[in-house]
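Chains A and B, in that order, are what the protein sequence lines are.
At position 104 of the first sequence (counting the first as 1) the number is 104 in the working numbering, and the numbers step up by one without a gap.
In short: position in the second sequence from 1, add 1000, done, that's the working numbering.
Accuracy of the hints is not assured; some may be wrong.
[What the hints assert, rightly or not] Listing some non-contacts, in silico: residues in chain B with all C-beta distances to chain A over 10 Å:
# : residue
1 : Tyr1019
2 : Arg1029
3 : Ile1067
4 : Leu1098
5 : Trp1101
[To be verified] Simulated crosslink set (SDA-like; lysine to any residue; CA at most 20 Å straight-line):
#  : chain 1 : residue 1 : chain 2 : residue 2
6  : B       : Lys1058   : A       : Ile133
7  : A       : Lys131    : B       : Ala1070
8  : A       : Lys97     : B       : Ala1070
9  : B       : Lys1058   : A       : Ile78
10 : A       : Lys97     : A       : Leu150
11 : A       : Lys97     : A       : Ile32
12 : B       : Lys1058   : B       : Ala1070
13 : B       : Lys1058   : A       : Lys97
14 : B       : Lys1058   : A       : Asp143
15 : A       : Lys97     : B       : Met1037
These are computed hints drawn from the structure, not numbers from a lab.
For every residue, glycine included, the Cβ atom is placed at its ideal position computed from N, Cα and C.
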Amino acid sequence: MNLAEGVQLVTLAILGLMMVASALGVVLLSNIVYSAFLLALTFISVSGLYILLNAGFVAAAQVLVYVGAVNVLILFGIMLVNKDEDFAEIENAWIGKTATAAVCAGIFGLISTMVLSHPWAISTAPAAGDKAIEVIGQHFFSDYLLPFELASVLLLIALVGAIILARREFIPDMPVVEQEALTLPERPRELVAAGIRDED
Amino acid sequence: MQLEYFLLLAAALFSIGVYGLVSSRNVIRVLMSIELMLNAVNINLMAFSNYLDPAEIKGQVFAVFVITIAAAEAAVGLAIVLSIYRNRDTVDMEQFNLLKW
């Protein structure tokens, strides 16, 4: 194994460890803000994995969209629903969590058995590498044109839907509270009667 | 052998996401677990694209679409969470039980 492959392997190990550790922090920590920031670290490690997979454009898009938009949106959501409540304890909650953990371990075991036993047909064609963004652009405008246009329509629908769901309803018949006109504290003095004369 | 490493990492991330999805009580953590699962699927797509289809990288195109859909879904999901919070004044998943039979 030469130096480049060694560096790749060590980087893969570090990024993988970072990703799994921060993902465990997202689902296990009780403070939701810590979970949100560890989610950003997960997204960044996934972007690093994409760079190891010769995909610079998708790595940049991952950081821009996931860390820059989705994670910030989640943080805003946490800020807006930040009710400082302790959830009511449900009894024997550990039974459900243990069963879920067992099922998830089973899912992981099943997938890893399949992955390790399948003979993957690794291609020997040269990787697109830095030309990846050109190839992606050509795909978007030739054979993936319809999903591309539909994705833009879907983004429009999601935008309109999210705004309608999240806006405050305007309630027009709230009673208007009359406020006293603001007055400055003045020295009380006699009013000067200006221009008043007795009628004859 | 490197393809299997990426697929195993993606499988681990997916299982962690499933655990968070099923066992979280905070509804925002459920949305974060959904994002973890979508990222796991994306790692799978990118790994297959790099090792099985390195010239035409159709997997990367698919992954870009998944990123787009995930962002739209996160926005709509959080709008729904906000709407529920305004009505029920809680984010506890155990309290959202109107559909329970």
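Verification of the hints:
The beta carbon of Tyr1019(B) sits about 4 Å from the closest Cβ of chain A, which is not more than 10 Å, so the claim that it is off the interface is violated. Separation of Arg1029(B) from chain A is inadequate, the least Cβ-Cβ distance of about 6 Å not exceeding the 10 Å criterion. For Ile1067(B), the condition that its CB be more than 10 Å from all CB atoms of chain A is violated, with the nearest at approximately 5 Å. No beta-carbon of chain A comes within 10 Å of the beta-carbon of Leu1098(B); the shortest separation is about 17 Å.
No beta-carbon of chain A comes within 10 Å of the beta-carbon of Trp1101(B); the shortest separation is about 18 Å. Restraint check: the Cα-Cα separation between Lys1058(B) and Ile133(A) comes to about 12 Å, which is no more than 20 Å; the hinted pair holds. The hinted pair formed by Lys131(A) and Ala1070(B) fails the criterion: a straight-line CA distance of about 26 Å is larger than 20 Å. Proximity of Lys97(A) to Ala1070(B) is assessed by CA-CA distance (about 27 Å); at most 20 Å being required, the pair is judged violated.
Simply put, Lys1058(B) and Ile78(A) have alpha-carbon atoms about 36 Å apart, too far for the 20 Å limit, and the pair is violated. For a cut-off of 20 Å, the pair hint linking Lys97(A) to Leu150(A) is broken: about 39 Å separates their Cα positions. Among the hinted pairs, Lys97(A) with Ile32(A) is consistent with the structure: their alpha-carbon atoms are about 18 Å apart, no more than 20 Å. For the hint linking Lys1058(B) to Ala1070(B), the alpha-carbon distance of about 18 Å falls within 20 Å, and the restraint holds.
Taking the CA atoms of Lys1058(B) and Lys97(A), the gap is about 38 Å. The hint is violated against a cut of 20 Å. Between Lys1058(B) and Asp143(A) the CA atoms are separated by roughly 10 Å; this keeps the pair inside 20 Å, and the hint holds. Restraint check: the Cα-Cα separation between Lys97(A) and Met1037(B) comes to about 18 Å, which is no more than 20 Å; the hinted pair holds.
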